[in-house]
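Join these two chains into a complex; the hints should help.
Protein chains in written order, with our numbering: chain A, 5 to 116; chain B, 6 to 117.
Any given hint could be a false lead.
Listed below are several chain A residues computed to face chain B (Cβ distance under 8 Å; list not exhaustive) [to be verified]:
#1 Thr53
#2 Gly57
#3 Thr104
#4 Phe107
Estimated spans, in silico, between C-beta atoms of each pair [to be verified]:
#5 B:Ala32 x A:Cys17: 40 to 46 Å
#6 A:Ser87 x B:Glu21: 46 to 52 Å
#7 B:Gly20 x A:Lys45: 23 to 29 Å
#8 A:Leu72 x B:Glu63: 40 to 46 Å
#9 A:Gly57 x B:Gly20: 47 to 53 Å
#10 B:His43 x A:Pro90: 21 to 27 Å
#11 A:Asp69 x B:Tyr79: 44 to 50 Å
#12 A:Lys24 x B:Gln114: 44 to 50 Å
#13 A:Gly57 x B:Glu21: 37 to 43 Å
#14 A:Ala6 x B:Arg18: 30 to 36 Å
#15 A:Phe43 x B:Ser98: 28 to 34 Å
#16 A:Lys18 x B:Asn26: 42 to 48 Å
#17 B:Glu19 x A:Lys45: 22 to 28 Å
#18 B:Gly20 x A:Asn74: 45 to 51 Å
Source of the hints: derived by calculation from the structure; they are not laboratory data.
The beta carbon of each residue, even a glycine, is placed where N, CA and C say it ideally should be.
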Amino acid sequence: GAVVSQHPSWVICKSGTSVKIECRSLDFQATTMFWYRQFPKQSLMLMATSNEGSKATYEQGVEKDKFLINHASLTLSTLTVTSAHPEDSSFYICSARLITQYFGPGTRLTVL
Amino acid sequence: QQPVQSPQAVILREGEDAVINCSSSKALYSVHWYRQKHGEAPVFLMILLKGGEQKGHEKISASFNEKKQQSSLYLTASQLSYSGTYFCGTEPSSSNTGKLIFGQGTTLQVKP
Chain A
5 GAVVSQHPSW VICKSGTSVK IECRSLDFQA TTMFWYRQFP KQSLMLMATS
55 NEGSKATYEQ GVEKDKFLIN HASLTLSTLT VTSAHPEDSS FYICSARLIT
105 QYFGPGTRLT VL
Chain B
6 QQPVQSPQAV ILREGEDAVI NCSSSKALYS VHWYRQKHGE APVFLMILLK
56 GGEQKGHEKI SASFNEKKQQ SSLYLTASQL SYSGTYFCGT EPSSSNTGKL
106 IFGQGTTLQV KP
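Isolated chain B, as found in the complex (with noise of 0.2 Å):
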């Protein structure tokens, strides 16, 4: 069953900071996060496994809570170039295939 991405869509100016949250009604293994720019192949961000981590790359970070299964995507002090549709894929505890169920996706648009 596809994970519930939310909110559908996020405008913001620059130097704003934005959550995107992505839960799932199935036990989770792992929750990987991508950002697809039109036109473009999804470009992966970061992954996060069971364990309940948290993750960051720069200003860009997530967090995985598997007793709720949920994951969040926060992006601070936005720049331009993280404009794009951010996609949650999830793997199910109950898969060894490898296979993601991906969000419907999350329009961010940056604003100068």
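Just chain A, with the same shape it has in the complex (with noise of 0.2 Å):
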């Protein structure tokens, strides 16, 4: 149980194009899902937090505008890198909230 699934699992796309990634709670409701962002070796950076119905909370630093969220539903919420340039290159994370954090399998974004 509690398995949340992340597509695409990479993408590489070329400056100034909008990224969506989804992600789903496929055997629970999760009214809140978290997104993360990693680099390589280091730990996981919340940007921001996601509530079904609601308006995101993002993290101090994390711009809005760039990195839209939307929890349309129970089990889905989708983060949207718009104007992706190469340092938004990372690995993104999404987890769902039940009791703990449960982590999706996370997409690799590269921007060139």
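The following block contains the structure:
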């Protein structure tokens, strides 16, 4: 139980384009999901908290107009990286809350 | 504020034991332990709640001392599969959002 999927698992895009990443809880409902960013050999950096039916809460320093989050249902949250630039290249991981946090497999974004 | 994990890295032989510590400057409601292998998402190991409890699963156990705001993860008779980076995620007592603040990670390498 408590399985979270993420799609796509990797994506390569050109600078200036937008990329959408989906996070789904497969066998439970999650009113709260989280989006993290992780650089090589570093810890998980929380970007935002996604709440179903309401606006996401962004951590300090995270541009909400650049990282658009939508939590459309109790099993789906999406992160859209708008006008991506090479410095946005990273490993993005979502998690869904069910007492603890269960993580998706992550999406590796490479912006050329 | 990010909890501090120690040690930063440890190398073991199969069958040896290890302890990973997690210390916070904030009062904690819970501590969550995860293991992450390279290129993969963190996998949930266990959660410890306020109340000073100790938990175990086979050869991996953990304790939580809420007065000291510390938690320790115990790995006994380590196996090759235990290799990876271990993160503690702390939930402050003042928080009701489910947000976790992760430590910087402890890299564990188990050699044959």
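Broken hints, by number: Violated hints (numbers, rising): 2, 12, 13; every other hint is consistent with the structure.
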